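S.K.: Spelled out, the chains give:
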Amino acid sequence: MKQRILWSAVTVLAITVAGCGSASQPASAPAESGAAAAPATKLVVWDWKSGEPYAKTYIEKAKADFAKKHPNVTVEFVPQPFEQYYTLLGAAMQTKTGPDVMLFNGGGQIRDRADSLLPLDEYIAEDKSRLAGWDAFAKDGKTYGAPVTLQGHPIYYNKALYEKAGITAPATTWPEFLANCDKLKKATGAACFALGNKEGIGPQFWLSGLGSGVLTPAEYDDWIAGKRDWKSPHVKKIFEMFKETGDKKLNNEGANSTAMFTDIFSVFNTGKAAHIIGLMSDIGHWKDFGEFIGPDKVGIMLAPVVTEGATPSLPYDGGIGYAAAKWTKDPKAAADLIRSLTTTDALSSFSAEAGAIASDTTISAPQDAPVVGEIVAQLKAGKPALHVAMDSKTIDLMGRLSQKLLSGSATVDEAVEELAASDQEN
Amino acid sequence: MPTKNTSPAVRPTESGRAAGGGPREKSRHGAARRRGRSERFAPYVLVAPAVLIILALRLYPLALGVNFSFTGDGDANGTAVGLANYLELLDDPLFQTALANVGLLVLLLPVAVAIPGLLATFIFLKVPGHRIFRSVYFFPAVLSPVIVGAIFNLMLAFDGPLNELLGTIGLGPVDWLGDPGVAKFAVVGVQIWATFGMALVVFLAGFATLDASLLDAARVDGASLRQSIWHVIIPSLSQTIQFVFVTTMIGMLTSMFGLLFVMTSGGPEGSTYLPEYYIWIQQGQMNRPALASAASTVLFLIMLVVGLLQISVLRRAGRED
Chain Z
-14 MKQRILWSAV
-4 TVLAITVAGC
6 GSASQPASAP
16 AESGAAAAPA
26 TKLVVWDWKS
36 GEPYAKTYIE
46 KAKADFAKKH
56 PNVTVEFVPQ
66 PFEQYYTLLG
76 AAMQTKTGPD
86 VMLFNGGGQI
96 RDRADSLLPL
106 DEYIAEDKSR
116 LAGWDAFAKD
126 GKTYGAPVTL
136 QGHPIYYNKA
146 LYEKAGITAP
156 ATTWPEFLAN
166 CDKLKKATGA
176 ACFALGNKEG
186 IGPQFWLSGL
196 GSGVLTPAEY
206 DDWIAGKRDW
216 KSPHVKKIFE
226 MFKETGDKKL
236 NNEGANSTAM
246 FTDIFSVFNT
256 GKAAHIIGLM
266 SDIGHWKDFG
276 EFIGPDKVGI
286 MLAPVVTEGA
296 TPSLPYDGGI
306 GYAAAKWTKD
316 PKAAADLIRS
326 LTTTDALSSF
336 SAEAGAIASD
346 TTISAPQDAP
356 VVGEIVAQLK
366 AGKPALHVAM
376 DSKTIDLMGR
386 LSQKLLSGSA
396 TVDEAVEELA
406 ASDQEN
Chain P
408 MPTKNTSPAV
418 RPTESGRAAG
428 GGPREKSRHG
438 AARRRGRSER
448 FAPYVLVAPA
458 VLIILALRLY
468 PLALGVNFSF
478 TGDGDANGTA
488 VGLANYLELL
498 DDPLFQTALA
508 NVGLLVLLLP
518 VAVAIPGLLA
528 TFIFLKVPGH
538 RIFRSVYFFP
548 AVLSPVIVGA
558 IFNLMLAFDG
568 PLNELLGTIG
578 LGPVDWLGDP
588 GVAKFAVVGV
598 QIWATFGMAL
608 VVFLAGFATL
618 DASLLDAARV
628 DGASLRQSIW
638 HVIIPSLSQT
648 IQFVFVTTMI
658 GMLTSMFGLL
668 FVMTSGGPEG
678 STYLPEYYIW
688 IQQGQMNRPA
698 LASAASTVLF
708 LIMLVVGLLQ
718 ISVLRRAGRE
728 D
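Chains as they are written, first to last, in my numbering: chain Z, -14 to 411; chain P, 408 to 728.
No lab work stands behind these hints: they were computed from the structure. These numbers come from a predicted model, not from an experiment. Check before you lean on any hint, since a few could be wrong.
What the hints assert, rightly or not - Quick list of simulated restraints, FRET-style, between CB atoms:
id: 1; chain 1: P; residue 1: L471; chain 2: Z; residue 2: E68; range: 17 to 27 Å
id: 2; chain 1: Z; residue 1: A172; chain 2: P; residue 2: I576; range: 30 to 40 Å
id: 3; chain 1: P; residue 1: D499; chain 2: Z; residue 2: P56; range: 55 to 65 Å
id: 4; chain 1: Z; residue 1: E410; chain 2: P; residue 2: A612; range: 51 to 61 Å
id: 5; chain 1: P; residue 1: D566; chain 2: Z; residue 2: T153; range: 25 to 35 Å
id: 6; chain 1: Z; residue 1: K365; chain 2: P; residue 2: V581; range: 45 to 55 Å
id: 7; chain 1: P; residue 1: I576; chain 2: Z; residue 2: D353; range: 46 to 56 Å
id: 8; chain 1: P; residue 1: L469; chain 2: Z; residue 2: D100; range: 30 to 40 Å
id: 9; chain 1: Z; residue 1: G151; chain 2: P; residue 2: D566; range: 22 to 32 Å
id: 10; chain 1: P; residue 1: D498; chain 2: Z; residue 2: T158; range: 40 to 50 Å
id: 11; chain 1: Z; residue 1: E61; chain 2: P; residue 2: D499; range: 40 to 50 Å
id: 12; chain 1: Z; residue 1: D398; chain 2: P; residue 2: V581; range: 28 to 38 Å
id: 13; chain 1: Z; residue 1: D167; chain 2: P; residue 2: D566; range: 14 to 24 Å
id: 14; chain 1: Z; residue 1: E68; chain 2: P; residue 2: D499; range: 19 to 29 Å
For glycine and all other residues, C-beta sits at the position ideal for the given N, C-alpha and C.
Kindly produce the complete structure, drawing on both the sequences and the hints.
M.R.: Given below as structure tokens:
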């Protein structure tokens, strides 16, 4: 009886409140204290990097540079845990009491909060050509952040395996590339690609890594701008090539059960595969690979050309960058601090110690990692990565479909059709 | 109860002053009424902590979750959208797979119960080395799902030891975690491996209550091992078996997230999704908390039905006793 009363009470409650409230955090959250009334003589910076040992020299250099310009202004770096960073920042910004300068991931995170940020265009004009990756920190023609690192997807290859197979230079066309794969297999036994597709991340790297060799420049730019033509034979070709690598056994065995993070990197590191579409910063990049196969044995190549007229380019976007709050007391000082955080000197320390490709296109490659020079040389001509422009639901679907393509339980036509439907819906 | 102790202590004084008249009498009635009232409220006060905890920490969050499932995500955050989330769930092939996999788990339940049952029988029948087996079988039950998952990730890797072993006896490699038809059975197999120790202990406890004279009688009558299992052991252990069924079912439906997360991430091709994993993906990765609430509500209803069925089974078993 009691139970019945209790249950009906719950039901009534549930029905009366059904459809009120909201599932995600409402906008009005309490303010973060601490940075509240920052006087102009003190700038507070929030990020998730400054507490790391590898960022120590970088922060010191930036502080020293800033102190030269504004000797009377003190700077306080407040490292926050990354998992809660945007929650804390969002709460602080709601009440306009947040930090003066803060770190952002490029793309959606900073664009969503552009209303509360200071447009930096008048301050950073000098840095515009030196730094790359601005697009990820811009919205409606205004720049809100200065890039610190870049994230992208170079095709890395193992020079030692190339030498063994007698290949002098990486292929520039797809047929030539396939021929090289044959040679590599025969001479070294290595698979052509190291592909970890357990999480379904493989096709994201594939699409961005090889897309510039398949899509025409116009198609590429349209794709990034959101006008994605899924009916184009070139788009279909990218997925056909992905399936081809599975059908022709160009990937390491068991690709669908090998994790991208981080099992697959060891396949490349141990010489079991000759190529890998990796990352530029944070993980799975030149520094990681160099430690295993030797820094001078890591090479990068551009996407082999498939379509006539395609211009292969390095796919990358702004990784992380600093922005200033609209309400900061002294916008000039805040902007100068951001500029100090993106000097060539500071960025080269961050690049070498954190294992990241910095946004600075003038950085000379560290002695022990010549491939960084090759990557930096490609930055000027590089374009945004294709998969970054897609929504997370379509990306997730693409992961599952790619596993079906490899196992043969879906055709390329079916996959492209489903992706087109999902992409247009979202 | 306190009343019984207090009444005798009060009465003598009262009876001594009985001649005192009306007002005393009235106040005595008042005291009794007060006492009656406090007695009436006492049970409510006593159960209040439990009820409040249930209301505040169980039912209120539950109601909130159900409520959220009727609101939208993203731009529609906080606005009522009726049954849209539930319709989307019905339409999502991924959620359908997750539900189908729940069905698969139910179908595989007899296997998950039979394995510890059989092994416990062997230990009970004192096969050589039964003491060692008893502790070895229980060992995986103390490992966390993440550790078990990591171990089997290595074991079942395409170039892992199991495939190497298969290769030496001339069988082709099996992509244990990469083939959608194989992966879900691989994960369930690991889940059974990791948890059957607990069921085994329960079975052994059941065996302890088994009437040994029945088995002796069967043996004297010339029953084979199979016959004594079928006609003596299983009927005597029916309550234990039912209990293991219930607990194994709950275990499989609620505690496979860790294994899935570590071993397959729901893949390949989304074939190893379970509702729990779907909820986590929608809430954490897709930024769809309202849709996740709807999926949680569906999972809650499934668990409610399963739980009620199990309670009725247990109750019936209790009556038979």
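S.K.: Evaluate each hint against the coordinates.
M.R.: Structure-based check of each hint:
Separation of L471 of chain P from E68 of chain Z is about 23 Å and conforms to the stated range, judged on CB atoms against 17 to 27 Å. The hint said 30 to 40 Å for the Cβ distance between A172 of chain Z and I576 of chain P, and at roughly 31 Å that hint holds. For the hinted restraint 55 to 65 Å between D499 of chain P and P56 of chain Z, the CB-CB distance of approximately 60 Å keeps it satisfied. Under the hint 51 to 61 Å, the C-beta atoms of E410 of chain Z and A612 of chain P, about 55 Å apart, fit the expected range.
The given range of 25 to 35 Å is respected by D566 of chain P and T153 of chain Z, whose C-beta atoms sit roughly 31 Å from each other. For the pair K365 of chain Z and V581 of chain P, the beta carbons lie near 48 Å from each other, so the given range of 45 to 55 Å is met. Under the hint 46 to 56 Å, the C-beta atoms of I576 of chain P and D353 of chain Z, about 47 Å apart, fit the expected range. For the pair L469 of chain P and D100 of chain Z, the supplied restraint of 30 to 40 Å holds, since their beta-carbon distance comes to about 36 Å.
For the pair G151 of chain Z and D566 of chain P, the supplied restraint of 22 to 32 Å holds, since their beta-carbon distance comes to about 27 Å. At roughly 43 Å, the beta carbons of D498 of chain P and T158 of chain Z sit within the given window of 40 to 50 Å. Distance hint check: the CB atoms of E61 of chain Z and D499 of chain P are about 47 Å apart, consistent with the given range 40 to 50 Å. As the Cβ distance of D398 of chain Z to V581 of chain P is approximately 29 Å, the hint placing it in 28 to 38 Å holds.
D167 of chain Z and D566 of chain P have their C-beta atoms about 22 Å apart, which keeps the hinted 14 to 24 Å range intact. Range check, E68 of chain Z to D499 of chain P: Cβ separation about 27 Å, and the 19 to 29 Å hint holds.
In summary, the structure agrees with every hint in the numbered list given earlier.
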